[in-house]
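One-letter residues, chain by chain:
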Amino acid sequence: MLRRTALAATALLAAGALLLSACTSGGASNTPSSTGTPDPDASAVIRLVLEPSNLDIRQTAGAALDQILVDNIYEGLVARTPEQDIVPALASDWEVSDDGLTYTFTLREGVTFHDGQPLTPQDVVWSLTTRKNTPEWSDSARLANVQTIAADGQTITLTLSAPDSTLLWNLTGRAGLILKEGDTVDYKTKANGTGPFVLDTWRQGDSITFARNDAYWGDKAQVGEVVFDYIPDNQAALNAALAGEVDVVTGFDANLKDQVEANGDFELVLGKSTDKGTLAMNQASGPLADKRVRQAIRQAIDHEAFIEAAASGETLYGPIPSLDPGYEDLADVAPYDPEGAKALLKEAGVDDLTLTLKIPNFYSTTIPQILVSDLNEVGITLKVDSVDFPTWLNDVYVNKDYDLSYVLHTEARDFENWANPDYYFTYDNPEVQELYKESVAATDPDEAADLLKKAAKIVSEDAAGDWLFNGASVVAVGTNITGMPSINVNERLNLAQLAKSNG
Amino acid sequence: MIRYTLTRLALLLLGLFVASVLIFLTLRVLPGDVAQLIAGTNSTPEQADAIRERLGLGEPLVAQYVDWIGGVLRGDLGTSLLTGSSVTDELVQKAQVTVPLGILALTIALAFSLPLGVISAMRRGRSSGTAISVGSQGLAAVPVVWAGMMLVVVFAVWLGWLPAQGFPRAGWSDPAAAVRALVLPALTIGIVEGAMLLRFVRSATLQAVGQDYVRTAAAKGLTRDAALIRHGLPNVGLSVVTVLGLQVAGIIVGAVVIEQLFSLPGIGRMLVADVSARDLPKVQGELLALTGFVLVVGFVVDLVHRALDPRQREAS
Numbered sequence: 001m002l003r004r005t006a007l008a009a010t011a012l013l014a015a016g017a018l019l020l021s022a023c024t025s026g027g028a029s030n031t032p033s034s035t036g037t038p039d040p041d042a043s044a045v046i047r048l049v050l051e052p053s054n055l056d057i058r059q060t061a062g063a064a065l066d067q068i069l070v071d072n073i074y075e076g077l078v079a080r081t082p083e084q085d086i087v088p089a090l091a092s093d094w095e096v097s098d099d100g101l102t103y104t105f106t107l108r109e110g111v112t113f114h115d116g117q118p119l120t121p122q123d124v125v126w127s128l129t130t131r132k133n134t135p136e137w138s139d140s141a142r143l144a145n146v147q148t149i150a151a152d153g154q155t156i157t158l159t160l161s162a163p164d165s166t167l168l169w170n171l172t173g174r175a176g177l178i179l180k181e182g183d184t185v186d187y188k189t190k191a192n193g194t195g196p197f198v199l200d201t202w203r204q205g206d207s208i209t210f211a212r213n214d215a216y217w218g219d220k221a222q223v224g225e226v227v228f229d230y231i232p233d234n235q236a237a238l239n240a241a242l243a244g245e246v247d248v249v250t251g252f253d254a255n256l257k258d259q260v261e262a263n264g265d266f267e268l269v270l271g272k273s274t275d276k277g278t279l280a281m282n283q284a285s286g287p288l289a290d291k292r293v294r295q296a297i298r299q300a301i302d303h304e305a306f307i308e309a310a311a312s313g314e315t316l317y318g319p320i321p322s323l324d325p326g327y328e329d330l331a332d333v334a335p336y337d338p339e340g341a342k343a344l345l346k347e348a349g350v351d352d353l354t355l356t357l358k359i360p361n362f363y364s365t366t367i368p369q370i371l372v373s374d375l376n377e378v379g380i381t382l383k384v385d386s387v388d389f390p391t392w393l394n395d396v397y398v399n400k401d402y403d404l405s406y407v408l409h410t411e412a413r414d415f416e417n418w419a420n421p422d423y424y425f426t427y428d429n430p431e432v433q434e435l436y437k438e439s440v441a442a443t444d445p446d447e448a449a450d451l452l453k454k455a456a457k458i459v460s461e462d463a464a465g466d467w468l469f470n471g472a473s474v475v476a477v478g479t480n481i482t483g484m485p486s487i488n489v490n491e492r493l494n495l496a497q498l499a500k501s502n503g
Numbered sequence: 001m002i003r004y005t006l007t008r009l010a011l012l013l014l015g016l017f018v019a020s021v022l023i024f025l026t027l028r029v030l031p032g033d034v035a036q037l038i039a040g041t042n043s044t045p046e047q048a049d050a051i052r053e054r055l056g057l058g059e060p061l062v063a064q065y066v067d068w069i070g071g072v073l074r075g076d077l078g079t080s081l082l083t084g085s086s087v088t089d090e091l092v093q094k095a096q097v098t099v100p101l102g103i104l105a106l107t108i109a110l111a112f113s114l115p116l117g118v119i120s121a122m123r124r125g126r127s128s129g130t131a132i133s134v135g136s137q138g139l140a141a142v143p144v145v146w147a148g149m150m151l152v153v154v155f156a157v158w159l160g161w162l163p164a165q166g167f168p169r170a171g172w173s174d175p176a177a178a179v180r181a182l183v184l185p186a187l188t189i190g191i192v193e194g195a196m197l198l199r200f201v202r203s204a205t206l207q208a209v210g211q212d213y214v215r216t217a218a219a220k221g222l223t224r225d226a227a228l229i230r231h232g233l234p235n236v237g238l239s240v241v242t243v244l245g246l247q248v249a250g251i252i253v254g255a256v257v258i259e260q261l262f263s264l265p266g267i268g269r270m271l272v273a274d275v276s277a278r279d280l281p282k283v284q285g286e287l288l289a290l291t292g293f294v295l296v297v298g299f300v301v302d303l304v305h306r307a308l309d310p311r312q313r314e315a316s
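Taken in sequence, the protein lines are chains A and B. Heads up: the first sequence at position 268 corresponds to 268 in my numbering, and the numbers run straight through without jumps. Heads up: the second sequence at position 198 corresponds to 198 in my numbering, and the numbers run straight through without jumps.
Everything labelled a hint here was simulated from the structure, so no lab data went into it. Warning: the hint list may mix true and false statements.
[What the hints assert, rightly or not] Stretches of chain A that chain B covers, calculated by requiring three or more beta carbons in the stretch to come under 8 Å of a beta carbon on chain B:
1. 181-190
2. 201-209
3. 292-298
These numbers were taken from a predicted model, which means no experiment stands behind them. For glycine and all other residues, C-beta sits at the position ideal for the given N, C-alpha and C.
Same shape as in the complex, but just chain B:
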């Protein structure tokens, strides 16, 4: 287990390094620069050059990369070219919207996809099972934006129960208002992500039904459902843990879209704004942090999976 953990850790660090180089280089391919944006459309080339000089944008790429990664190693993700504020501080601030949004969305997704996925598998061939299956297929195909609009029209505009957009200006100092602001966006992501998860749970359950050990258990006198629940579901759970890593990445991507739609001041919306402002030091800091987060989640998922699965433990 220790050797396995160390190997995985080394892979994680390598992954982070490769990601940092890729992020740095791909952003440099983008045309246009922040200096010209600051100078605007009534500026002379000299004005833009002066700003470029002041911001240190003329430095060679290698020097810029070393400078950036050196800061990251010291725990400094960099500084915004436009606002001069610390990327770390802004990430922490925006994470107060995005992280609760993600957790809420994931909770919603799990809450309905796990039971419904199992039920639809166990009732395969019956009308209720088919209904769930078809329904989930439909939901998974729904564009996130459209789902969001529908929820807003019903719950915010017609019923007036929940806010249509935005996050309370008081932030989390008014927790009830903050949660209310997150319900519709989290539902939007949760429903779409959950529908996909449901289909996964269903197929994992169906696979378990066909496994020898379930059949054996059934042969020993358990009903088919009891055999599945006692012996099959732990294995379904294991596969779900593996998929959760991917699910987290999906939720981050979903957050980028949903935060735009609901005008939520989170990491996704900040990222979009910073890319279109060509605030590259900020964008690369944000992307590295997000990539790091997804990689760490994957790492933890792997460890948990291994700890839970006796077969893998014995093999090492």
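Bound-form chain A, shown alone:
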């Protein structure tokens, strides 16, 4: 009883001190470099926003799965760093033939799956072959150019029917994940990979816990366990951070910087991301089929306003974000110019235009608010239709029944959608499609990037859509945490280096 009281008293005092420090800490800076020694048995709690609906990485789409499972639980022959470089993983090295048609990987020895079974070259052949031949599995089409997959000892050879500059990158994603042949694990709720963490528990609607894989082939994880705490609401996440219930908050609101940093336990880190706030314009028919109208919409939008409102991110004027190959600053293509926009609309003979924006209801209302007022400025009335995500998928993605649509496309290197006339963007330009094809077929990475750059410029000049901003990864990291990735964490969260100290 005495201990309880003492504890309560300490807590009160601490809370008081906390309040005081909140009032007085002005210029004191806190570095994220921890002063304490890392605790190898620590449990690090990470707030995430979007919980996966099940864990089946083979066929359930969604960034929520890639974010936690790839790198940590499942691995491929190759992996990517947060800086988007391709690095060895289950293959210790690889070679690409000069004609770009043969990829030779050397498979590591002594790798085991979480259930103790050894990783064999046959598992690799089976995984890639099955992925390629099972259309129901996500990203199976990304292996379309692969003709044969064969193993000879620890050497895995992929032969292609045509060069594919995107193949290695694709192998760092779902298409390249290596599973155990004939595994009977229930993939919806369980996992059996080769990564540095083992799936421990999944409490649906609440949290997922990974434990360190002590039999991992590479450097062992620095913490005993990682808990992903799914807290959709930003304010609740802030409260959890301030109450010391989480160590890291991802998907944070940069406007809350001062509040989360107030007591010195957290520092807000802004990292680049491939998140593209994409305004799709249905150009199949109607007024938006006229390029001048689309261009007018782009020029009517004050892109800086989105960056200011989010207190993070950067402007983007084309389909390729700065982390991806082929990026260039295309600000000149669609400068903020309401007068120019009005002139364009007049030239197009459009008057009293009313458009509807379909937007999934989990996005901030700031985005439609800015759009409504900007477009109103040039005489376009924008109606906002906020719908839940399945409705958006049905109306916009499947039926293409929309005028304007807003969605945050988080995937890296997804330019292909602008080269696909059947995609919901409804953009159909044979020149862009040809350039993209050439880029894929290029054997030199620089050449491939150059071709993408050309294609992206055309897409932007055609006003095929608009890109409201290139989002940032906003992460509040506890000052006792090191090794937390800060780049593109919405898509990938490699926690192999994460460490937590008691200090």
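Chain A is fixed; fit chain B onto it per the hints.
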């Protein structure tokens, strides 16, 4: 009494049947489907079709309904399309958060609304009575979300006494931690629901004050307050029992909001997640179970009311 019970039971079953049809049909009006969600935004129409086929979503509606209700009659609420797990199992698991939350919230609501409601009625016209009345009116108008945020800021963030969100990962194997996690959410619902209940208790008491039998008792020499307590309150109690049924429904609705706010892994949060994932077999199982629960509570309340109220017994 037996005839009355049987009639009420028949009504309950009819209600459940109608609810099952309504739930089934209204969910089918929702646009979008789980197959497209599984396939995602980089899929071809063929991929989504293949998944739809595998999940049996192409079956005619009548066949799907018969299939579902047949399972329910055998005690099987269905299976989740996304996780393949049993709806019954998940409900039982999530109920371990929601049921204690509801009981705690109801207890809090009753604990302050009953005495304060009666007091404010008895002291009508005096400043303390007015204060309670106005206060309750204010509290009843407070948005649940705002009340929750305020409680969190004070008790979790400033004072650090209680957790701001979440439920202990160990669940009820650590009862103290589990209860601590439920205190703030239960207070939030309890205060708002209790404020409404308080106003009801107050008006029921005021009504009792004006009744002939209270006046008669007072005329026979009891003080006005004693007459009210001896003869009036049993009747107030009866009306409160009737309102409790509604109160339970209110708490379930409150739980949907509060579980989101406090990130509690309960039935409310599961329901919201399943609707947005279009996991319809799961949603309809959950909704039917909840509707059944509310209907059963209403049924029990009716029986209790009848058993307690001598006037109704004599009439039958």
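- Task: Take the region 181-190 of chain A, compare each residue's beta carbon with every beta carbon of chain B, and decide whether three or more fall closer than 8 Å.
- Result: holds (count 3)
- Query: the region 292-298 of chain A covered by chain B? Criterion: 3 or more residues, Cβ-Cβ distance below 8 Å.
  - Reply: violated (count 0)
- Has the region 201-209 of chain A got at least three residues whose CB is nearer than 8 Å to a CB belonging to chain B? Holds: 7 residues of the region 201-209 of chain A have a Cβ under 8 Å from chain B.
Going through the hint list in order, the structure does not satisfy hint 3, though it satisfies all others.
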